[in-house]
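S.K.: Chains as they are written, first to last, in this note's numbering: chain Y, 2 to 564; chain V, 35 to 179.
Quick caveat, the hints were computed from the structure, so don't treat them as lab data. These numbers come from a predicted model, not from an experiment. Heads up, the beta-carbon is just placed ideally off N, CA and C, and yes, glycines get one too. Do not rely on the hints blindly, as some may be mistaken.
Covered stretches of chain Y, as calculated for chain V (at least 3 residues, CB under 8 Å) [to be verified]: (1) 16-30; (2) 131-138; (3) 204-213; (4) 331-339; (5) 364-373; (6) 444-453.
Cβ-Cβ distance ranges computed for the label pairs, FRET-style [what the hints assert, rightly or not]: (7) R233/Y <-> L140/V: 43 to 53 Å; (8) L140/V <-> A95/Y: 29 to 39 Å; (9) T167/V <-> A272/Y: 42 to 52 Å; (10) R79/Y <-> E71/V: 56 to 66 Å; (11) F40/V <-> D103/Y: 53 to 63 Å; (12) Y25/Y <-> L87/V: 53 to 63 Å; (13) A522/Y <-> E90/V: 49 to 59 Å; (14) R33/Y <-> A68/V: 45 to 55 Å; (15) H559/Y <-> R66/V: 19 to 29 Å; (16) Q340/Y <-> A68/V: 26 to 36 Å; (17) D141/V <-> E392/Y: 41 to 51 Å; (18) V334/Y <-> L87/V: 23 to 33 Å.
In case you want the letters, here they are:
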Amino acid sequence: MNKPLPHPVPGSTAEAQVRWATEYAAQIGRDREVRNRSGIPIKPLYTPLDVDPARFDADVGFPGQPPYTRGIYATMHRGRTWTQRQLIGLGTPALYNARLRDILDKGATAVSLIPCNSVFRGYDMDEVDAELLGTCGVVCNSADHMATCLAGVDLARTSCAMNDPSPFTLLAFMLDTARRNGVDWRALSGTSNQSDYLSHFVANHMFFRLALGGARRVLIDHIAWCAEHLPRWNPLSVVGQHMQQAGATPAEALAFTLASAIQYADDCVAAGMSPDDFLPRFTFFFDISISFFEEIAKFRAGRRIWARITRERYGAQDPRSWRFKFHGQTSGVDLTRQQPLNNIARVTAQAIAGIFGGLQSMHTDAYDEVLSCPTQFGARIAVATQNILREEAHLTDVIDPLGGSYYVEKLTDEMEAKVVAIMAEVEAAGGMYAAVESGFVQRRIGESARAFQERVDTGEQTVVGVNRYEVDEDASSRPALAKPDTALMDAHRADFARYKAQRSQDDVERALADLARAAQATGPGRSNIFGVIVAAAAAGCTHGEICGTLRRELGFGHPLVVV
Amino acid sequence: MPDPAFRPKVLITKIGLDGHDRGSRIVAAHLRDAGVEVVYTPPWQDIGTVVKLAIEEDVDLIGVSSLATDHLIVPKLMRALRDAGAGDVAVIVGGIVPDADEKMLLDAGVARVFHPGVKLEDIAAYVHDASATVRTQRFPVTPNA
């Protein structure tokens, strides 16, 4: 919040500042106007006059203590550094498993799984163009496929994050794998990434064509089911990354994400859950752009706002409910096809912002993702970047090292004010669900995307190699892509056809009928839809069959497109 | 001598599975403001739908946006357009297209591939010229007509 001036600074400071301002004005001539991506004006200098020492306890405080501006844990990265969770997923389950085992052997402690776009969109591999299978993720359509993906992984000891958009069939398949391996479900840890249906509807449209209302119901059932059966599982990751990648400013992305979290929390409360039962398992996922200080201030402001919302709006008593846990991914939109090795420098700057922002988990983009799905070579550099920053540059020795910087504290206040103002607009539009239904959010993001592109096109925003410092390049210097082996995917498809022919059709039909009934039922006492999906997965139903049934029963959805 | 009253008509779309549409929306909005008549579709279009729409709307050019490998089915679109007798429509592709795939697309008849970093006004200039060429071939101007 903007705080009133003046406040108790020694007279000499104020006088010295006036002397500096006079000298600055004389020397700079015509000063350029600077605004960050969120539209906040940036001054040339920040001083003790920009911060109010009397507000230190309330607004800044200490790590591990509300409002968590300096970090959600007392030890932060000095104790446990962030989880290095690189996204992987390509080709067939067997290929995925080989790559996963390789990174686990090399020291990774967490699993990520990116499914093929066909999975995101709710289709089995026999429903889509064969050319598109496995090009951006692993083709996992059944419990058997998941068992292959995770073969040899100790599920009781390995945190598994899956890009598992509604209706969470990948988790249902994984539960079947755990059951086969004799692993207690209560020991499973990880996150249902991509579970935030509003962000899909608004920004990247990677959902299975389920209408908004149906998606809302499936998510809340998923959260309720996980709260009961999977105490160590995070059923919800609220995503700001999709919206910022789609063009939202950092302040808009944070505001819309917090507004979404409020929507989900309201829905959970309306479904009869108690805030301290679900809030500790809410997590967030953000973009880290190259707008360095703005990103750091965004994360610091986010922690502060979330602590206030959980305590004041929901009356949460458990400190775990107040903590704003987030995963950060460096922004792909900032990367350039021109002089692609420059992207390593960009990712480094973004990653530093994420670390100083106090993230819990990070994915650094490969420099070559702007050329194609990343190569293994590019992915290795991305991981090394994190290792270098942590162990060579010693970025984790001190907690919140920028805390107390006049600029960073002031910018944190200003980002907070901006975000709170946008959240109020969403609230006035009826909350996030209504604001998405009406296109309010989509329109805002579209306008910001266009405004940013215009700044790049006019040269107001420099992009090295694109609108300044261009060089002639030889395309042959770019890394060559390994083409997927189509024979492996053909064999995977043939296997799948055999599997579908051989399984118990009665079991499948019964499970899908149960799912249809659960979807049709309303009112108290109805079955939890996700619980029925878990049973359907164990009965041999495929991803496409489960998604198809829900689409039929709960209605098709299309993105509301605003140009 | 270009006709100053010429107004291109184009279809901006995404085919296949991916839904990331920042690029297609920005390009569509810019072309619209640059005087182009734009028919816009949400992502996830079937190839058959795109062909039908292109014919019904009588567009000069189709712009296909691709982020996550959907460009791999653009050759299918080219074949479907030819089979439907609409092989004269110019097709351009914009987005993440690896170098080797760009050659594959050009060989399949795609007129031009735009990569990240291109200026919107350069896309608009190309769209204007390519559409004018298509229109002229469709409706040749005969002297004294």
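S.K.: State for each hint whether it applies.
M.R.: Hint by hint, here is what the structure shows:
Remark: the segment 16-30 of chain Y is not confirmed as covered by chain V, as 0 of its residues place a Cβ nearer than 8 Å to a Cβ of that chain, below the required three. Chain V is given as covering the segment 131-138 of chain Y, and this holds because 4 residues of the stretch bring a CB closer than 8 Å to a CB of that chain, at least three being needed. For a cut-off of 8 Å, the count of residues in the segment 204-213 of chain Y with a CB near a CB of chain V stands at 5, and the three-residue condition holds. For a cut-off of 8 Å, the count of residues in the segment 331-339 of chain Y with a CB near a CB of chain V stands at 4, and the three-residue condition holds.
Here the segment 364-373 of chain Y counts 3 residues with a CB under 8 Å from a CB of chain V, which clears the bar of 3, and the coverage holds. As drawn, the segment 444-453 of chain Y meets chain V at 3 residues by the rule of a beta-carbon pair under 8 Å; at three or more, the given contact holds. The supplied range of 43 to 53 Å is met by R233/Y and L140/V, whose beta-carbon atoms lie about 52 Å from each other. Checked against the hint of 29 to 39 Å, the C-beta distance between L140/V and A95/Y comes to roughly 35 Å, which is consistent with it.
Checked against the hint of 42 to 52 Å, the pair T167/V and A272/Y fails, with Cβ atoms roughly 59 Å apart. Taking the beta carbon of each, R79/Y and E71/V are about 60 Å apart, inside 56 to 66 Å as hinted. Take F40/V and D103/Y: their Cβ atoms lie about 57 Å apart, and the range 53 to 63 Å holds. At about 59 Å, the CB distance of Y25/Y to L87/V agrees with the hint of 53 to 63 Å.
Look at A522/Y against E90/V: about 42 Å separates their beta carbons, and that is not inside 49 to 59 Å. The given range of 45 to 55 Å is broken by R33/Y and A68/V, whose C-beta atoms sit roughly 29 Å from each other. H559/Y and R66/V have their C-beta atoms about 21 Å apart, which keeps the hinted 19 to 29 Å range intact. Between Q340/Y and A68/V the CB atoms are about 29 Å apart, so this pair conforms to the stated range of 26 to 36 Å.
Taking 41 to 51 Å as the suggested C-beta distance range, the pair D141/V and E392/Y conforms, at roughly 48 Å. The hinted window of 23 to 33 Å between V334/Y and L87/V holds, with their beta carbons roughly 29 Å apart.
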